[in-house]
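**Student:** Here is what each chain is made of, one letter per residue.
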Amino acid sequence: AQSVAQPEDQVNVAEGNPLTVKCTYSVSGNPYLFWYVQYPNRGLQFLLKYITGDNLVKGSYGFEAEFNKSQTSFHLKKPSALVSDSALYFCAVTLRGNQGGKLIFGQGTELSVKP
Amino acid sequence: GAGVSQSPSNKVTEKGKDVELRCDPISGHTALYWYRQSLGQGLEFLIYFQGNSAPDKSGLPSDRFSAERTGGSVSTLTIQRTQQEDSAVYLCASSLDSATYEQYFGPGTRLTVT
Chain A
64 AQSVAQPEDQ
74 VNVAEGNPLT
84 VKCTYSVSGN
94 PYLFWYVQYP
104 NRGLQFLLKY
114 ITGDNLVKGS
124 YGFEAEFNKS
134 QTSFHLKKPS
144 ALVSDSALYF
154 CAVTLRGNQG
164 GKLIFGQGTE
174 LSVKP
Chain B
10 GAGVSQSPSN
20 KVTEKGKDVE
30 LRCDPISGHT
40 ALYWYRQSLG
50 QGLEFLIYFQ
60 GNSAPDKSGL
70 PSDRFSAERT
80 GGSVSTLTIQ
90 RTQQEDSAVY
100 LCASSLDSAT
110 YEQYFGPGTR
120 LTVT
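Those sequence lines, one after another, are chains A and B. Per our numbering, the first sequence runs over residues 64 to 178. Per our numbering, the second sequence runs over residues 10 to 123.
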């Protein structure tokens, strides 16, 4: 069965510092990986995805993520955090060739960026 | 352009009543998904539509839950005889097609069963 783990319920970062939100996955085949962000009382917004090719993918709002097959990880990173980055972040996976592409989500990580 | 819309935004219902939740996907998106977000269970897949067909219903938690899609557009999720454990935010998402994988989410319907 596919699964996604986000080991940290909360990440606290000072504004201007780099941030990392961790994600590991478990699938029986080749994964497609995603990061979504959820602001309070709003739906999920797509940030970035890894499908194939370069292991480092760049997304919206200056975020990037690195696919590491050997460590089965897809950590989200940003070089310099903003207070406005404070939100709930979800990592998700679907299986290549999976009919329909349903997403399996991690439990979410609350990012708090303080001034 | 317009995003995914859902109605109502909030729904409070009594235990045992039926409810209908509506989703309007982005125009031209052939794939549509329903998910449920709750404190205890996180984000869970419920059902997937390609056009008007539902090839994957594996996430529906019981036979009280059903969904349909008409005209390759609007979808309705129906919960019969609601229970308190059905309280959650129900999210709808659409994508250009199932091979695109990038899904766009609506704002959700918050369902509270009293």
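Because the hints were derived from the structure by calculation, they are not lab data. Any given hint might turn out to be false.
Here chain B is said to cover these stretches of chain A; the calculated rule only asks that three of the stretch's residues, wherever they fall, bring their Cβ under 8 Å from a Cβ of chain B [unchecked claim]:
no., segment
1, 68-82
2, 166-177
Below, a sample of chain A positions facing chain B; criterion: calculated Cβ distance under 10 Å [unchecked claim]:
no., residue
3, 88
4, 91
5, 92
6, 95
7, 97
8, 99
9, 101
10, 104
11, 105
12, 107
13, 150
14, 157
The beta-carbon is built from N, C-alpha and C at its ideal position, and this holds for glycine as well.
**Student:** If a hint holds in the structure, say so; if it doesn't, say that too.
**Tutor:** Going down the list of hints, with the structure as the test:
1. 68-82: Contact hint for the segment 68-82 of chain A vs chain B: violated, 0 residues under 8 Å.
2. 166-177: That given contact holds, which follows from 6 residues of the segment 166-177 of chain A lying within Cβ reach (below 8 Å) of chain B.
3. 88: violated, 15 Å
4. 91: violated, 16 Å
5. 92: Check failed: Cβ of residue 92 of chain A comes no nearer than 14 Å to chain B, outside 10 Å.
6. 95: holds, 5 Å
7. 97: Cβ of residue 97 of chain A sits 8 Å from chain B, so the hint holds.
8. 99: holds, 8 Å
9. 101: holds, 9 Å
10. 104: Interface hint status for residue 104 of chain A: holds (8 Å vs cutoff 10 Å).
11. 105: holds, 6 Å
12. 107: Residue 107 of chain A check passes; min Cβ-Cβ to chain B is 4 Å, inside 10 Å.
13. 150: violated, 14 Å
14. 157: holds, 6 Å
In summary, the structure is inconsistent with hints 1, 3, 4, 5, 13 from the numbered list given earlier, while agreeing with the others.
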